[in-house]
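Those letters in the sequence shown? Residues 58 to 460, by our numbering.
Be careful, since some hints might not be right.
[Claimed, not checked] Under the rule of at most 25 Å between Cα atoms (straight-line distance), these lysine to any residue pairs were calculated in the SDA-like manner: (1) K316 to R348; (2) K154 to I120; (3) K154 to K118; (4) K267 to K306; (5) K404 to D375; (6) K71 to I120; (7) K154 to Y83; (8) K404 to Q451; (9) K267 to D455; (10) K118 to P460; (11) K419 to D455; (12) K306 to I120.
Hints in this document: simulated from the structure, not taken from any laboratory.
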Amino acid sequence: MQENAIFSVIDTKKNKLKRNIIAELYRAESGTIAQLANLIQTSVPSMTALIDELNVGQWVKGIGTGTAQYGRKPSLFALSPSPYATVVVDSTVHDTKLVVFNLANQVLHRVDLPLRLANSISFLDNLRDALTDLANQIQADELVIIGSGVAMPGLVNPIEGINHTYPEVTRNGQSLSNLLQSIFDAPVFLINDTKAMLVGEHRFGLAQGKNFVLSINIDWGIGLGVITNGAILQGMAGFAGELGHIQMKTDGELCTCGKIGCLETVASASSLIRRAKEGLREGRISALAERHPDTIGIELIIEKANAGDAFCIDLLNDVGSELGRGLATAVHLFNPELIIVNGVLAKATRAITRPIEQAIAKYSLLNYRDNLSIELSLLGEMAKLYGTQAYILQNLLDLEYIP
Numbered sequence: 058m059q060e061n062a063i064f065s066v067i068d069t070k071k072n073k074l075k076r077n078i079i080a081e082l083y084r085a086e087s088g089t090i091a092q093l094a095n096l097i098q099t100s101v102p103s104m105t106a107l108i109d110e111l112n113v114g115q116w117v118k119g120i121g122t123g124t125a126q127y128g129r130k131p132s133l134f135a136l137s138p139s140p141y142a143t144v145v146v147d148s149t150v151h152d153t154k155l156v157v158f159n160l161a162n163q164v165l166h167r168v169d170l171p172l173r174l175a176n177s178i179s180f181l182d183n184l185r186d187a188l189t190d191l192a193n194q195i196q197a198d199e200l201v202i203i204g205s206g207v208a209m210p211g212l213v214n215p216i217e218g219i220n221h222t223y224p225e226v227t228r229n230g231q232s233l234s235n236l237l238q239s240i241f242d243a244p245v246f247l248i249n250d251t252k253a254m255l256v257g258e259h260r261f262g263l264a265q266g267k268n269f270v271l272s273i274n275i276d277w278g279i280g281l282g283v284i285t286n287g288a289i290l291q292g293m294a295g296f297a298g299e300l301g302h303i304q305m306k307t308d309g310e311l312c313t314c315g316k317i318g319c320l321e322t323v324a325s326a327s328s329l330i331r332r333a334k335e336g337l338r339e340g341r342i343s344a345l346a347e348r349h350p351d352t353i354g355i356e357l358i359i360e361k362a363n364a365g366d367a368f369c370i371d372l373l374n375d376v377g378s379e380l381g382r383g384l385a386t387a388v389h390l391f392n393p394e395l396i397i398v399n400g401v402l403a404k405a406t407r408a409i410t411r412p413i414e415q416a417i418a419k420y421s422l423l424n425y426r427d428n429l430s431i432e433l434s435l436l437g438e439m440a441k442l443y444g445t446q447a448y449i450l451q452n453l454l455d456l457e458y459i460p
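Using the sequences and the hints given, assemble the complete structure.
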């Protein structure tokens with residue numbers, strides 16, 4: 058009995074070290090045995106044995122040699138690109154993406170579906186066939202799914218696995234999590250889309266090494282991700298960052314949340330399209346008038362603005378100004394060093410960031426703007442996908458599901 062207890066303690070410690078190695082190789086992409094031993098704080102012989110076991114288990118592989126100042130070059134190791142993989146579901150009110158990643162963060166499969174997120178069981182029914190087809194492809198490729206994750210807008214409680222904005226899709230019983238679990242036979246994790254975006258920026262994008270960051274997701278709604286003291290702010294239930302539902306106008310329009318005059322009613326992509334159509338009905342002169350109202354979308358408004366259409370330029374300027382005014386409040390609350398702009402409206406580039414900058418300059422105190430930069434995401438839509446993949450892997454490691 059005592060020997061079994063000793064072996065159990067040793068195995069527990071060894072598995073913890075293995076998980077630390079996987080986490081470090083995911084973060085750094087590669088490392089030598091000496092580097093890993095130093096980071097994990099174990100001996101070189103112990104690290105050699107652990108790497109050998111992870112290699113046998115197909116978690117890591119040698120990728121050549123590193124550099125050395127003197128003598129023999131050390132072997133370099135990285136996470137193995139197969140057989141282990143994850144499934145990411147990125148669902149929004151305009152489409153759904155299914156992406157399969159390997160541990161090297163490479164996209165193995167991607168399916169873009171014209172399936173809009175809706176608070177209805179029918180959404181799950183429409184998604185089931187596409188997920189089943191993807192599972193068949195994964196099986197044909199002899200991949201092993203170790204986890205899946207869902208990035209979606211709304212009030213996502215990641216601990217409970219519930220999206221309070223879309224309860225019909227995430228309630229107990231027949232739910233998106235249960236659907237993924239039944240098809241891929243692996244743990245499922247839910248994350249708010251804006252927080253997924255921020256995880257991606259923190260791991261692989263502009264927020265790397267930064268301690269105080271705001272990430273604004275300007276999509277059909279408006280989300281805010283916050284990094285403070287180097288950690289992503291979640292809030293008690295995971296709801297921190299709902300900037301889109303701060304009130305901007307007491308006599309404003311009714312928001313989808315049921316409140317009046319939210320920021321989303323004046324500064325989201327959906328509000329931009331609505332205001333464009335209203336302006337045309339009122340007789341505003343624009344090249345948009347040549348198109349059927351049903352075909353007017355964000356890309357078209359941005360295209361016409363870039364071509365010099367005054368009405369479209371005014372629309373983007375108004376939206377950017379309202380966003381900047383809302384962000385000025387967040388700047389005062391969190392005192393960031395960097396604001397990252399992402400989402401569908403980020404495609405407008407300077408046409409959206411310029412008025413944001415001007416509004417922040419107008420509505421925030423001078424000292425808060427010292428050393429504050431506002432930048433467009435370099436990762437774009439991949440920030441959310443990478444972030445969800447990283448979130449899956451971190452949860453699998455923290456919850457000791459692997460190796």
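Which numbered hints fail: 1, 2, 3, 4, 8, 11, 12
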